[in-house]
Each structure stands twice: as C-alpha cells, then as structure tokens.
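Sequences listed follow chains A and B, in order.
Positions 1 to 148 (our numbering) are the ones given, in order, by the first sequence.
Positions 1001 to 1446 (our numbering) are the ones given, in order, by the second sequence.
Simulated from the structure, these hints should not be mistaken for laboratory data.
The beta-carbon is built from N, C-alpha and C at its ideal position, and this holds for glycine as well.
You may find that some hints are simply not true.
Said to hold, decoys possible - Heads up, simulated SDA-like pairs for lysine to any residue below, C-alpha to C-alpha not over 25 Å straight-line:
| no. | chain 1 | residue 1 | chain 2 | residue 2 |
| --- | --- | --- | --- | --- |
| 1 | A | Lys74 | B | Glu1034 |
| 2 | A | Lys74 | B | Gln1232 |
| 3 | A | Lys74 | B | Glu1071 |
| 4 | A | Lys34 | B | Tyr1372 |
| 5 | A | Lys74 | B | Tyr1372 |
| 6 | B | Lys1415 | A | Lys74 |
| 7 | A | Lys118 | B | Glu1101 |
| 8 | A | Lys112 | B | Val1358 |
| 9 | A | Lys29 | B | Arg1058 |
| 10 | A | Lys118 | B | Asp1093 |
| 11 | A | Lys112 | A | Cys122 |
| 12 | A | Lys34 | B | Leu1106 |
| 13 | A | Lys74 | B | Leu1106 |
| 14 | A | Lys146 | A | Leu70 |
| 15 | B | Lys1415 | A | Leu18 |
| 16 | A | Lys112 | B | Arg1366 |
| 17 | A | Lys112 | B | Tyr1372 |
| 18 | A | Lys34 | B | Asp1046 |
| 19 | A | Lys112 | B | Val1376 |
| 20 | A | Lys112 | B | Leu1437 |
| 21 | B | Lys1415 | A | Met13 |
| 22 | B | Lys1415 | A | Glu102 |
| 23 | A | Lys74 | B | Val1358 |
| 24 | B | Lys1415 | A | Glu14 |
| 25 | A | Lys118 | B | Leu1106 |
| 26 | B | Lys1415 | A | Lys146 |
What the hints assert, rightly or not - Taking beta-carbon pairs under 8 Å as the criterion, some of the chain A residues facing chain B (in silico):
| no. | residue |
| --- | --- |
| 27 | Leu18 |
| 28 | Pro87 |
| 29 | Gly139 |
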Amino acid sequence: MSVDRIRELLEIMESHGLAELELQEGEFKVRLCKEQRQVAGAPAGAMAPLATSAYGEQASQGQAPDQTDLESIKSPIVGTFYMAPAPDAEAFVHMGSHVTEETIVCIVEAMKVMNEVKSGVCGVIAEVLVENGEAVEYGQPLFLVKQE
Amino acid sequence: MFSRILIANRGEIAVRIIHTCQRMGVETVAVFSEPDREALHVRLADAAVCVGPAESARSYLHIPSIVSAAEIANVEAIHPGYGFLAENAHFADICRSLDIEFIGPLSHAMEAMADKSQARAVAEKGGVPILPGSDGPVADDDEAIAVVHRIGYPVMIKACAGGGGRGVRVARNDASLRSGLVQARAEAEAAFGDGSIYIEKLLDRPRHIEVQVLADNHGNAVHLGERDCSIQRRKQKLCEESPSPTLDGRTRRHLCEAGLAVASACGYTNAGTVEFLYQDGQFYFLELNARIQVEHPVTELVTGIDIVEEQLRIASGEQLRHRQRDIAFRGHAIECRINAEDPDRNFAPCPGIIRLFVDPVGEGVRMDSHAYSGYVVPPHYDSLIGKMVAHGATRAEAIARMQRALAELVVDGIKTTVPFHRALMANHRFTNNEFDLNFVDEFLGS
Chain A
1 MSVDRIRELL EIMESHGLAE LELQEGEFKV RLCKEQRQVA GAPAGAMAPL
51 ATSAYGEQAS QGQAPDQTDL ESIKSPIVGT FYMAPAPDAE AFVHMGSHVT
101 EETIVCIVEA MKVMNEVKSG VCGVIAEVLV ENGEAVEYGQ PLFLVKQE
Chain B
1001 MFSRILIANR GEIAVRIIHT CQRMGVETVA VFSEPDREAL HVRLADAAVC
1051 VGPAESARSY LHIPSIVSAA EIANVEAIHP GYGFLAENAH FADICRSLDI
1101 EFIGPLSHAM EAMADKSQAR AVAEKGGVPI LPGSDGPVAD DDEAIAVVHR
1151 IGYPVMIKAC AGGGGRGVRV ARNDASLRSG LVQARAEAEA AFGDGSIYIE
1201 KLLDRPRHIE VQVLADNHGN AVHLGERDCS IQRRKQKLCE ESPSPTLDGR
1251 TRRHLCEAGL AVASACGYTN AGTVEFLYQD GQFYFLELNA RIQVEHPVTE
1301 LVTGIDIVEE QLRIASGEQL RHRQRDIAFR GHAIECRINA EDPDRNFAPC
1351 PGIIRLFVDP VGEGVRMDSH AYSGYVVPPH YDSLIGKMVA HGATRAEAIA
1401 RMQRALAELV VDGIKTTVPF HRALMANHRF TNNEFDLNFV DEFLGS
C-alpha cells in the first residue's frame, strides 16, 4: 500500500466526514482513526448581555447537574416569569413543593397575556432557576424537578 | 435614530440588517427558533432571544412571541425584513400600539395594496397603466367569462390575497377557464384564507421590471431606478439586475415616475417596490411590494445608497436626505440567488451541513449570506443561502465579475444552484439581452 493510496483514503474520510476507516487490500490492512476535536466555536449564547439588561447570565444557569433523575420545566413562550398569580399572592410553588404533571408552577406573561405553565413532570421542586420578574426565552429551563 | 431594534427575521436578510445597524451604532436584538441557535444572525447581534420551535407559525410568524421578545429586550423598533411578518398590517398595528416603531409603511398603505385587485384600481386612479382585466374580484364564473370575452384569451386567474406569483393560473380557452376558476379559488382559500380571484390579460413575452421607491413621513419621495427580474423559474426570481438592459432613457423615466405615482396614490412611506410587466414598449402595473426586497443589493451597488439605512432613518422620522437630482446611477449590477437546491433534480431542496464555505472576495463583488463552514442549513425555511452580487462599469463587466465570483465560491457538502447560474451567465441569450419571463423554462427545457 503506497503513501499515495493512504492520502486518497484520508481525502475520502475528510470529504465524507468519517471518523474511522478500515480497509484491507490484498495483504495490506490499514486502519485510520481521526482524533475527535471539540469544536472551539461557542454559540453566542441566548441573550448575551446588553448594556442595560442583565438577562445574559441565564444562559449559564439552566445547566442541569449530572443527576439523571432531575427533569427541567421549560418555558413554553418568551416573556416575563412570575412566581405567583398576582403581585401579593402566594407563589405557585417553591423549593420542596410536590408537583404533578398538571400542577401550575408559574406564569409567563407575553403581550399582557398571563400564560399559566404546567409542570409536565411528577416530583419535587429541587431548584428554582429564575427570579420573579425576569425575562425568559422559549425553551429556557425554569425549574428543576426531582422525579419520583 | 433608534438606539436598539429587533430584527424579526432570520438568514441572510437578518445578517444584512444587523450589518447596517452595527455601522450606524444601533444595538441589535435577534430572534431565533430552536434550530437556528447557531445561526450567523444570532452570533452577530448584540442580544438574541429564542422565540419558539422550528415551525415558523410558532416562532418567526408568531406575533405574541415576537412582540414579547421586543418588550423584554426593550427595543424601540422592529425591522421585519422580507417575508414572515413584513407585510402583516395587523403586526405593524400591534407594534405601534405598544410604542414600538414598525420599520416599514403605515398599515393603511399596506392594506390598500395587499388586495391585488384593489391595488390595480389604486394604480389606475394614479394615472398608471394596468393590464386589461376584471374590475376587482370576479363574483362568479359568468362574470369571469364576460371579462375574458371582453379582453380576449389568454388570461391569468389570480388570487386577490396572493402576490409574488402564488395562486396564479393560466387559461387559454373557456374549458380551461372554468376548471382554472375552480382550482384557483380552492388554492387561494387554502393558502391565503381568501378564495377571491381576479382576472388579468396574459402577456406572452413580458419582462418583469420593478421600481425601487423611498418615501419619508414628510411627503418626500424618490425612486432609486429600476430592476429587471425577468429570470424566473415558476414565478420565483433567480437572477436580477439594474438597470434593465431593455429600456431606453425615455421609457425608464416614465416607468420610474409611474412607480412614484403608485406610491403616492396609496400614501406609501418607507421603502417599497412597484412591479410592472413590460412588453412591446408598453409597461403595466402589476403589484406594489410593501417591504424591502430580496434583490435590493443591485440597486444599492448602482446608486451607492444603503436602503436599510434609509428605512431606519425614515422610520425614526427623518426627512429624506437625497433629492431625485442628487441620485446618480453608476454602472451595472447583477444578483444571482444561491439556493440550497439541486438543479439536476428539479431544484429539490438540499438542506444539510455545509462542510466548507468560502465566499469570493475582490473588487466589484458582494456576497450577502448567512452561511459559514460547518453551518447546518435547516429544512424548515426557504432555501436561499446567499446572494452573490457583482457590479461593473458595464453589463458585460458585471457578468464577467459574476462568472469569476461564481467560480471562486465554495459551498461543499450540499448542492446549490451555482451550476445553473454559471450556465446562465454563459448563455448567449442572457448576455445578448434576448430573454423574457419564459426564458428560464425554455433554457431548462433544453
């Protein structure tokens, strides 16, 4: 097997995005493995901070810890997060609250419409990830729930 | 001038708008759907908000989500780009009612021209020629037949709520008229929620020529010349140029004045395009597009005017800085739309990962694109991945630059329409200005 042949194989791997290629030609057998590099480019991150707004920090807050029984409740709409149905009312839930799938856990207000957000999971609220009155985007994790 | 705006769009136009804002010192807020998280417009904007899942109806078209994002990001205005909510008068009203300026015309002007049959009446009142056709929507088949017998076959059956070539059928005799009416009404109802149709005479070898207008809120208006967009496949523009190689000076002047007359007749403000069909030395009003258009770069290269900048200035209440006599037209510009489509398989869409993207550089070439090496073209949206625009002192020079640029462009990993454009630039009917709206179908047929 010539060096040129190996170069050809490397080009095939590159153009088809292969990580590994093994080939037997007659007496010769070759195995080529590409080292997996982490892509360096980081996404811009949801809501990079503006001069007057601090909602950029939330991009790093929604990381679920390495526990497989923790499920997140995500915002179904972009808007403003509220813990309670009214300014001086009791919060819907707090850390330690038991929730079923149907439990209303918060409100996300969009264009003056108060959207009630249901838990969708069964368990105990392990963490509240956002603060009352904060801006949230679609899909942003709001609560972590320890599933039962 | 606004200090922060939200761009309610994606892809190349969102990038394009952000570029002008960055130059002007205007902060930008991008919105994106979940599959667009790694998109270029998201990376370039000062801030970005996820507004929904992949389906446009639940993200880019979802008015509560867009407006909610604008509220939490505290923007002063929204630029709608083209498509999506750009010509949605209801959206414009909601924005303005919340003290968020909509960068575009007032909703009454949008509404006046949104019904394509009513738009004809507005143009006619403005003294602009229109094609022979029905007086508004046709109530029933008998009325349609009467209109057709007055103006003669062949005719086009068109959706009042349509536009951009959608919901259009051709009828060449009574039989195809009757079946065409049924189908056109059904399609229009399904696509636009409004089954009304009108009828227009069909021209057999027209050119599509449109006029770019700018009007401020103080009664001033200018035109930025015309664009020839006759290279179309299935009513979708593929290649556009400015000026039109087919007009003489006198006709060009009359055409541009007609464009201004239509804009004035409907109280139009901000940037808009008045479309005409042109055949045998006569032009006829087609429709007014109340938005910035995809092909606006060819006008920018010929006039040196940044249309997005003008939109921002007009929307923020400024007077137009250019008088008609100040506007100079230099050279010739051509745009080729690069779509993620396979020209060998009937232009089937080709979403996927672009492994390597290299855009051409150098004098007289501009590439408006959101693509980059490693970008995944999603399947959920239109297939436009970039606009290659070339400028030269003459049309021949622009074509030569386009050929060079198309040869230099690298888009590895997906199929694109680059081979189609290379063939087009080399085609003698294109280079000799011997084409009309039927050309591409004839060209592809061979």
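For each hint, the structure was consulted:
1. Lys74/A x Glu1034/B: holds (13 Å)
2. Lys74/A x Gln1232/B: violated (44 Å)
3. Lys74/A x Glu1071/B: holds (20 Å)
4. Lys34/A x Tyr1372/B: holds (23 Å)
5. Lys74/A x Tyr1372/B: violated (30 Å)
6. Lys1415/B x Lys74/A: violated (37 Å)
7. Lys118/A x Glu1101/B: Given that 25 Å is the threshold and the Cα spacing comes to 34 Å, the pair is violated.
8. Lys112/A x Val1358/B: violated (46 Å)
9. Lys29/A x Arg1058/B: Measuring from Cα to Cα gives roughly 53 Å; hence the hint is violated.
10. Lys118/A x Asp1093/B: violated (32 Å)
11. Lys112/A x Cys122/A: Status violated; Cα separation ~29 Å.
12. Lys34/A x Leu1106/B: violated (57 Å)
13. Lys74/A x Leu1106/B: Roughly 37 Å between the alpha carbons, so the hint for Lys74/A and Leu1106/B is violated.
14. Lys146/A x Leu70/A: Satisfied, since the Cα-Cα distance of roughly 5 Å is no more than 25 Å.
15. Lys1415/B x Leu18/A: holds (19 Å)
16. Lys112/A x Arg1366/B: This hinted pair is violated, its Cα atoms lying about 43 Å apart.
17. Lys112/A x Tyr1372/B: violated (39 Å)
18. Lys34/A x Asp1046/B: Not OK: Lys34/A and Asp1046/B at ~36 Å, beyond 25 Å, violated.
19. Lys112/A x Val1376/B: With a Cα-Cα distance of about 36 Å, the restraint between Lys112/A and Val1376/B is violated, given a limit of 25 Å.
20. Lys112/A x Leu1437/B: violated (48 Å)
21. Lys1415/B x Met13/A: The given pair, whose Cα atoms are some 19 Å apart, holds under the 25 Å limit.
22. Lys1415/B x Glu102/A: Outside the cut-off at roughly 47 Å; violated.
23. Lys74/A x Val1358/B: Not satisfied, since the Cα-Cα distance of roughly 38 Å exceeds 25 Å.
24. Lys1415/B x Glu14/A: holds (18 Å)
25. Lys118/A x Leu1106/B: Outside the cut-off at roughly 39 Å; violated.
26. Lys1415/B x Lys146/A: This hinted pair is violated, its Cα atoms lying about 46 Å apart.
27. Leu18: Violated: closest Cβ of chain B sits about 12 Å from Leu18/A, beyond 8 Å.
28. Pro87: The hint is violated - Pro87/A has no Cβ within 8 Å of chain B, the shortest such distance being about 18 Å.
29. Gly139: Cβ of Gly139/A sits 6 Å from chain B, so the hint holds.
Of the numbered hints listed earlier, those contradicted by the structure are 2, 5, 6, 7, 8, 9, 10, 11, 12, 13, 16, 17, 18, 19, 20, 22, 23, 25, 26, 27 and 28.
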